[in-house]
Amino acid sequence: MKTNLKIALLALPVALLALADDKANVDPDLPLAPKEKKNPYLLKSDPPTAIFGIYSDLNRIRWLTVPPDSTKGLDQKKCDEISDTYIAHCRKLAEEAPEKDPKAADKWAELGWALMFRSRWDDAIKAY
Amino acid sequence: MAVAFKSDQQSVARALYEIADCHFGAGREEEAKKTLHDLLSRDLKAGGWAGRRRQTNWNARARQALHWLDGNSLNGLSLPRWTGCRAFPEPQKSEYLDKYTAAPKVSVKAVGIAPDDARFRFFRRKLNLRGVETPEKGGYPVTVALDPAAPVDKPEGYTLKSGEKGAEIRARDRQGVLWGLVSFLQIYDWQEKRMRHASLEDWPDCPQRGYLGRCCVDECEFMLFNKMNITTAKPNFISQGIYTPLNLYKTKCMAKEFKDLGLELYYGFAPFTMDLCWPLCWNVFLEMQVENAKIWASCGVGIYYPYDDARYWDDVYKQEDKDTGRKPSDFDVEHLLKFYNRVKAEYPDFKMEFCPPFYWGPSAGHPYPDDRNKYLKSLQKLPEEVSIFWTGERVGSHRKNKAHRDWYANLIGRKPSLFQNKAGPHYYLSYVLDEMPWDKWFYPGFAAEDMRSIQKNSDTPEDYPILTTLADYLWNVNGYDRKRAVERGLDQYAGKGVYATLKPAYDKLCQVDGYKYGRIHSGVLHEDLAAWEQASKEIHEATEKAREIAGPKVMRGFGSWERAVGWFDGVVKYIRNPPDYHKKYAKPYAVLKEHLAKDKKAAYDESKGDIFIDPLYDMRGVAAEPYPSTKKQPILPTSSVAACFYENCRARFKFNVEKVPAEGMKLWISGVSTGYPKKFVVELNGETVYDGANPFFVRGGQGAWTTVGFDLPAKNLVKGENIVVMRNNSGSGYPIWVEYAIVKERRDAAPGEGK
Chain A
37 MKTNLKIALL ALPVALLALA DDKANVDPDL PLAPKEKKNP YLLKSDPPTA
87 IFGIYSDLNR IRWLTVPPDS TKGLDQKKCD EISDTYIAHC RKLAEEAPEK
137 DPKAADKWAE LGWALMFRSR WDDAIKAY
Chain B
4 MAVAFKSDQQ SVARALYEIA DCHFGAGREE EAKKTLHDLL SRDLKAGGWA
54 GRRRQTNWNA RARQALHWLD GNSLNGLSLP RWTGCRAFPE PQKSEYLDKY
104 TAAPKVSVKA VGIAPDDARF RFFRRKLNLR GVETPEKGGY PVTVALDPAA
154 PVDKPEGYTL KSGEKGAEIR ARDRQGVLWG LVSFLQIYDW QEKRMRHASL
204 EDWPDCPQRG YLGRCCVDEC EFMLFNKMNI TTAKPNFISQ GIYTPLNLYK
254 TKCMAKEFKD LGLELYYGFA PFTMDLCWPL CWNVFLEMQV ENAKIWASCG
304 VGIYYPYDDA RYWDDVYKQE DKDTGRKPSD FDVEHLLKFY NRVKAEYPDF
354 KMEFCPPFYW GPSAGHPYPD DRNKYLKSLQ KLPEEVSIFW TGERVGSHRK
404 NKAHRDWYAN LIGRKPSLFQ NKAGPHYYLS YVLDEMPWDK WFYPGFAAED
454 MRSIQKNSDT PEDYPILTTL ADYLWNVNGY DRKRAVERGL DQYAGKGVYA
504 TLKPAYDKLC QVDGYKYGRI HSGVLHEDLA AWEQASKEIH EATEKAREIA
554 GPKVMRGFGS WERAVGWFDG VVKYIRNPPD YHKKYAKPYA VLKEHLAKDK
604 KAAYDESKGD IFIDPLYDMR GVAAEPYPST KKQPILPTSS VAACFYENCR
654 ARFKFNVEKV PAEGMKLWIS GVSTGYPKKF VVELNGETVY DGANPFFVRG
704 GQGAWTTVGF DLPAKNLVKG ENIVVMRNNS GSGYPIWVEY AIVKERRDAA
754 PGEGK
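Those protein sequence lines, which keep their order, are chains A and B.
Its first residue numbered 37, the first sequence is counted upward by one per residue in our numbering.
Its first residue numbered 4, the second sequence is counted upward by one per residue in our numbering.
Just so you know, these hints were derived from the structure itself, not from any lab.
Computed from a predicted structure; not experimentally measured.
Every residue, glycine too, gets a C-beta built ideally from N, C-alpha and C.
Do not take every clue at face value.
In silico EDC-like cross-links for lysine to aspartate or glutamate, where the CA-CA straight-line distance does not exceed 16 Å [unchecked claim]:
1) K262(B) / D221(B)
2) K506(B) / D462(B)
3) K511(B) / E541(B)
4) K377(B) / D333(B)
5) K108(A) / E290(B)
6) K164(B) / E204(B)
7) K108(A) / E294(B)
8) K162(A) / E34(B)
9) K380(B) / E337(B)
Which residues of chain A face chain B? A partial, calculated answer using Cβ under 7 Å [as the list claims (entries may be wrong)]:
10) W99
11) S106
12) I161
Chain A with its partners taken away, still in its complex shape:
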């Protein structure tokens, strides 16, 4: 669980903040969204709820990455992008873990869970 938390702590801020600010795909000359439109709780905590794993984190983050007065959460495509980023991150950590690392299994398990979240059942089983 400790590893899970670490992975989540490492991965989610990167993925989320990149997405929230849309820096990766946005023309730097375009003005940024007004700051007050951002959800203050997203920036206040680190990350907002990266405690219970990808399921509950994404469940909440889809509502925290949109302005508070929105009636809809983050659209599915962007959610998938977040979880894809997270899957890639988990895969990297797992593949780079030394074979004898006692926590390597946790890293592969975290990848498995991330794949399970996307209903990629057989890919997940392979990861485990």
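Following the hints, complete the assembly by docking chain B onto the known chain A.
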């Protein structure tokens, strides 16, 4: 090495469980089952503590899933274990004969109700699992009639008559049918496979009877045999929105059991309400809640929406005030209405319980920056079917008062639902055999007329034994018998003879209450080691015997019994090797001696035969520990005449007198009172020598040590050993701390002199 090994087992267990989850998600149920069985067969150490974090117990999760996957629904506890061929809870009217009719086969004839109703499926299943055949015709006939003209004209009421030629159950509603069938299963003699002749006319007094628990797979079966009909699983399979295939499956299976049998099941929604601390004026808060609640409702569970202790934390309400100029008492109800109506529109069977921030009162105040009455009154806008919790006069109050209940009910515009906190008599825990004073706590008419539901805040399955007593009380308020309730409830749950086996050990186990969990005090200096060791031996023997009867599953977390036994052994260890308090509290003792030297009232003079009573070594109190340090006061060893958990809490000490002085003696006590205990009593050899106001409390001077003198009249003194008892009768939780006492011959003041 040990850590790595443990970590590996945990990882393997997690991987296997989640592989099973994936198989299940892919529709490969058999593969999922196989994997879960594989996980359990490895006997891995999964769960427990890793540092300060509790690791997930994957074995428990696997057992939960297999409970339904393996078709063990409603039989995990194998209830009823033992009933003595009597219904439980105690029926309103019952007559049992010592006559039986052989019934190795039982056939059911349904009248006015579908023969494949879930109630009959449950009934047949229980019979079949114990080798009783249930053919369509033949065998011992049971006629079950859902009949608007049935004799008992009360909700959930039924009659059951069993005799030579068969049995008949008649009820005006489906729940009456259910309870009639359950009573049949309780009266049936499972050993001899025969039916006892009996006549029951029965109904519950309290309309909704249950508890808030922890979402065990056996909740429904437990409730059925205790005739309860509502439960709230605070943590649950989908608490954090972790909607994996197996979590959703477990939730749906559990919900189906309840729904099919007409029982109410709520899941705690706290992770999506106050735990988040999102401002209520955010649209996304409502949208997020509605989206999740619809998933929950689609599984078939109702929602317990707590918005209580954290409502005014984290300054969220300040932001709301800033953004909207409104307080929670202005707009919480609007949010709740929108939430409820939107979920209800899509799921008409959706139900909701709500716990407001102001869930107690009226006498106990509240710390929140809002108008309590206005908030509670605003809840009148909620539909009548939304249940609203109340804990009583205080958060943890036991006795209920009609005026308090009426105050709350009038404000919220409906009957409240009771959220009974802290009911366990042993520092809020239960030791299984406690004879619960529900009849003392609840005034007449409270359960039967004034409340919508009564639920005890519980840890399940640990609290199952104590819950059986509540079930017995709520079903038949006037017929409640504390001892009978615990004895019969326990034997039905754990097996024949468990009560009798544990009762002598229970009486001994309770003496450990002198030591609050984890807090050893100087009482260990005064205990009889041989008696404690003997008691420990007897408790362990009784526990083992009970384990043989009840089995490991029931004994696991058995009403905090094993926890208490562990603590009992811990105390024995300290009695065997008590701490050296003079060494441990060397600095506080030095301060005490300074106080003593400066104490002109007591004027202690050892050379004149004055007797010094050491707070730890000479006094025996409930919690003799160092008085907590404050800026004004240093830490001191003290004997506490505390009232935190006991009524009439006391401390006592002994002193010897060679010759009783004609003018009596004087007792000086240096004490401090941090709160408001009103009364203080001093007894000498069983006679009261002081019974009056608490003399240690100085208004405006809390924390100041005060020396007070008390007369010890000659007529009450005896040559040899004398015993002084100090009592604090406030019973309210505020202690009086005693630093030391001095007993001396009267050389100074006139009789009756005080401080």
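Hint check results:
Taking the CA atoms of K262(B) and D221(B), the gap is near 15 Å; set against the 16 Å cutoff, the hint holds. Pair hint K506(B) plus D462(B) does not hold up; C-alpha atoms about 23 Å apart against a cutoff of 16 Å. As the CA atoms of K511(B) and E541(B) are separated by approximately 9 Å, the hinted pair is consistent with the 16 Å bound. Restraint check for K377(B) and D333(B): satisfied, since their Cα atoms lie roughly 8 Å apart, inside the 16 Å limit.
For the given pair, K108(A) sits about 7 Å from E290(B) by alpha-carbon distance, which is consistent with the 16 Å threshold. Between K164(B) and E204(B) the alpha-carbon distance is near 9 Å, which keeps this suggested pair within the 16 Å criterion. Of the pairs offered as hints, the one joining K108(A) and E294(B) holds, with about 10 Å between alpha carbons and a cut-off of 16 Å not exceeded. About 15 Å separates the Cα atoms of K162(A) and E34(B), which keeps this hinted pair within 16 Å; it holds.
Using a Cα cut-off of 16 Å, the hinted pair K380(B) and E337(B) holds, with the two alpha carbons roughly 13 Å apart. Here the hint on W99(A) is kept, as its CB sits about 4 Å from the closest CB of chain B, short of 7 Å. A cut of 7 Å between beta carbons decides the hint on S106(A): the least distance to chain B is about 6 Å, and the hint holds. The criterion of a C-beta within 7 Å of any C-beta in chain B is met by I161(A), whose closest approach is roughly 5 Å, and the hint holds.
Hint violations for this structure: number 2 only, all remaining hints satisfied.
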